[in-house]
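Chemist: Here is what each chain is made of, one letter per residue.
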Amino acid sequence: MKPAIYLALAAALAFVQPAFSQETVKVGSIEGLSGPIAKYGVPIRHGIELATDEVNSKGGVLGGRKIEMIFEDSAGQKDQALNAMKKLLARDRVIAVIGPTLSNEMFAAGPAAVERQIPAIGTSTTADGITDIGEWIFRTAMPEADVIPVTVATVKKRYGIKRVALMYSNDDAFTKSGFDIMKAAVEKQGLEIATIESFSTKDTDFSAQLTKIKGLNVDAIGVSALAEAGAGVVLQARQLGIAPSVVMFGGNGFNSPKVAEIAGKAAEGFMVGTPWFIGKKDPLNQQFVAAYKQKFNEEPDQFAAQAYDTLFILAEAIERAGTTENIKLREALLKTDHKGVLGPFRFTPHRDPASTEGVVVLAVKNGKFDTLD
Amino acid sequence: MLAQQLFNALVLGSIYALFSMGFTLTFGVLGVINLLYGFYVAAGAFLSLVAVRDLGLPLWAAATLGALGTGIIAVACDSAVLTPLRRAKAPELASLIVTLGGVLLLNSLMFLIFGAEVRRFPVTLLSQSPISLGMLQIGAVQLVIIVTVAILVTALFLFIERTRLGIAIRALAENPDAASLMGVNVDAMFMGVSFLAAALSAIAGILIGLNFNAVHPYMGEPLMLRAFAVIIIGGLGDIRGALVAGLALGFIEVMTAGYLSSNFKDAAGFAAMVATLWLRPSGLFGRSVTKRA
Chain S
-9 MKPAIYLALA AALAFVQPAF SQETVKVGSI EGLSGPIAKY GVPIRHGIEL
41 ATDEVNSKGG VLGGRKIEMI FEDSAGQKDQ ALNAMKKLLA RDRVIAVIGP
91 TLSNEMFAAG PAAVERQIPA IGTSTTADGI TDIGEWIFRT AMPEADVIPV
141 TVATVKKRYG IKRVALMYSN DDAFTKSGFD IMKAAVEKQG LEIATIESFS
191 TKDTDFSAQL TKIKGLNVDA IGVSALAEAG AGVVLQARQL GIAPSVVMFG
241 GNGFNSPKVA EIAGKAAEGF MVGTPWFIGK KDPLNQQFVA AYKQKFNEEP
291 DQFAAQAYDT LFILAEAIER AGTTENIKLR EALLKTDHKG VLGPFRFTPH
341 RDPASTEGVV VLAVKNGKFD TLD
Chain X
2 MLAQQLFNAL VLGSIYALFS MGFTLTFGVL GVINLLYGFY VAAGAFLSLV
52 AVRDLGLPLW AAATLGALGT GIIAVACDSA VLTPLRRAKA PELASLIVTL
102 GGVLLLNSLM FLIFGAEVRR FPVTLLSQSP ISLGMLQIGA VQLVIIVTVA
152 ILVTALFLFI ERTRLGIAIR ALAENPDAAS LMGVNVDAMF MGVSFLAAAL
202 SAIAGILIGL NFNAVHPYMG EPLMLRAFAV IIIGGLGDIR GALVAGLALG
252 FIEVMTAGYL SSNFKDAAGF AAMVATLWLR PSGLFGRSVT KRA
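Protein chains in written order, with this note's numbering: chain S, -9 to 363; chain X, 2 to 294.
Some hints here could point you the wrong way.
[Said to hold, decoys possible] Pairwise CB distance ranges (calculated):
#1 76(X) x 276(S): 26 to 36 Å
#2 95(X) x 143(S): 17 to 27 Å
#3 192(S) x 116(X): 13 to 23 Å
#4 77(S) x 165(X): 36 to 46 Å
[Unchecked claim] Looking from chain S toward chain X, a few residues come up when the C-beta cut is under 10 Å (computed):
#5 14
#6 25
#7 187
#8 197
#9 201
#10 204
#11 228
Bear in mind the hints are in silico, worked out from the structure with no lab data behind them.
Remember, it's a predicted structure, so these values are computed and weren't measured experimentally.
Using N, Cα and C, we set each Cβ at its ideal position, and we do this for glycine too.
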């Protein structure tokens, strides 16, 4: 009799889960947290942190396990991004990686994730070919290929432009890809390309290119650049006397409030397409904006919003998979059906965003991005 | 349009010239390749930014403060890093490597203190609306750049050619040992030249910060590359060479971008450097050094 009771007790005890010695679920994130790319990477980090707090405060995933974010700084450098990826995969053994920030970095670091068969989700990588890197690369960022044509069409419709000049930085995968897409969209709209000018991401003087463009009497200038150089282009363009009637528009690199900050008054009227807008009226978005403002003392931007949604998407996928095992996690990610601050989100079988409905074209008004009226 | 492009070239060339003249001083007089020089650009810009924003000083005062502060930083760095090398009569490459490490360290420190954010000088500092002169658009900033560089360059030449200190510096550049035998306080002079060069670099940084409306820790790095090209084209250690070559480089870059293709803008400058090394290795103003057995 006695041994049976002990046996029963032991069996009962085996099923008791200690409430406070749960292992965390480790998720890695590689973002540009220093250097010029910090204006994208820091909001992304904040978006992830806000979402992580919300997920963890509601009980975490897989029955009470908290998500533990491990952030690595790539400083916008490809080699650093690759090193960070290797460290997260081999030493920290994360179950998934969010990032890197730049398409340039994803092309360098993504293959490592593919090799290790760990999902990597780009929240801000919008160049062509990201998801072609491998079947473990996902992207929640709306690709330039979906947004830029909308921007170009909107500019043409609103201002009746006929002749454009295009400028791009030729040493970054994202800006080059954005330029290719911009050129194709401009040609598709039947617009005349007066000239194509290039510069380096690190350049600060564009006076030569802009003077040349000014002499060609174009109706609009399309710029594919990251925020730093891009803001410099806009600023110098107006300084050189390119009239406000010459519309300037750009790709995703301009989706940062820092552009208006750096370029000041010169940025007025600048147009860019984006999948998210801070003034979107739905309650989920408003709640996100308020929570973000309270926690970080500044307004969120598109990068923060996309990162916020992405973490929820990942958390839901972990729950759906019922495990952190990579193959089941990948399958669960493919089945994503999430309603986030960017709207409804699904992946295509090729792991890109399925819906392009949410794209809206904004223009800078009084120093801030606003919808066109 | 040609007039505007020439004006653009003048502005860009002025900045290159100012920066390169300081660099030439350190190279020609001190005999060191001082990569820290690029850092002084950012240091000067940040110091002035702080002076304007937090101390509320007017631009000229903030710029002076920035230049002086950077000069002091330069002297400190030199005492720590370059003087021991000089004492040990280390080869030139040693200064290259040591200052490379130094600039990495200092850039990281700057990140730590100021963060990666791009800052800008307050908009109210200078008029933002361009003045039209016929076909030319001239911004207040560009005018300030050209005038400031012209004044500084003239002052520098007068100083080097006409004053006793200037003669001492030139003596130092030719032969430090002989100069010291002549009673020149070598260590003090080196510090002085470092101070001066860093101050010039700081002013270049402020001008760049104003012109492109961006102040960030790495702003000096693109200039450093150009500076190497400039001093090779102009002649190692020759200030006139740095001035002429700096202006020439600005001209080459702008004209290439404006009339050929902006894809080749950077390449053109370095092509000029390669051509110089090929055809006239001592540079425009350099004296060819003949070795006597």
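Chemist: So, for every hint listed, does it hold in this structure?
Modeler: Hint-by-hint comparison with the structure:
no. : hint                        : verdict
1   : 76(X) x 276(S): 26 to 36 Å  : 56 Å, violated
2   : 95(X) x 143(S): 17 to 27 Å  : 60 Å, violated
3   : 192(S) x 116(X): 13 to 23 Å : 19 Å, holds
4   : 77(S) x 165(X): 36 to 46 Å  : 59 Å, violated
5   : 14                          : 29 Å, violated
6   : 25                          : 5 Å, holds
7   : 187                         : 4 Å, holds
8   : 197                         : 4 Å, holds
9   : 201                         : 5 Å, holds
10  : 204                         : 7 Å, holds
11  : 228                         : 8 Å, holds
Hints 1, 2, 4 and 5, counting from the list given before, are not met by this structure.
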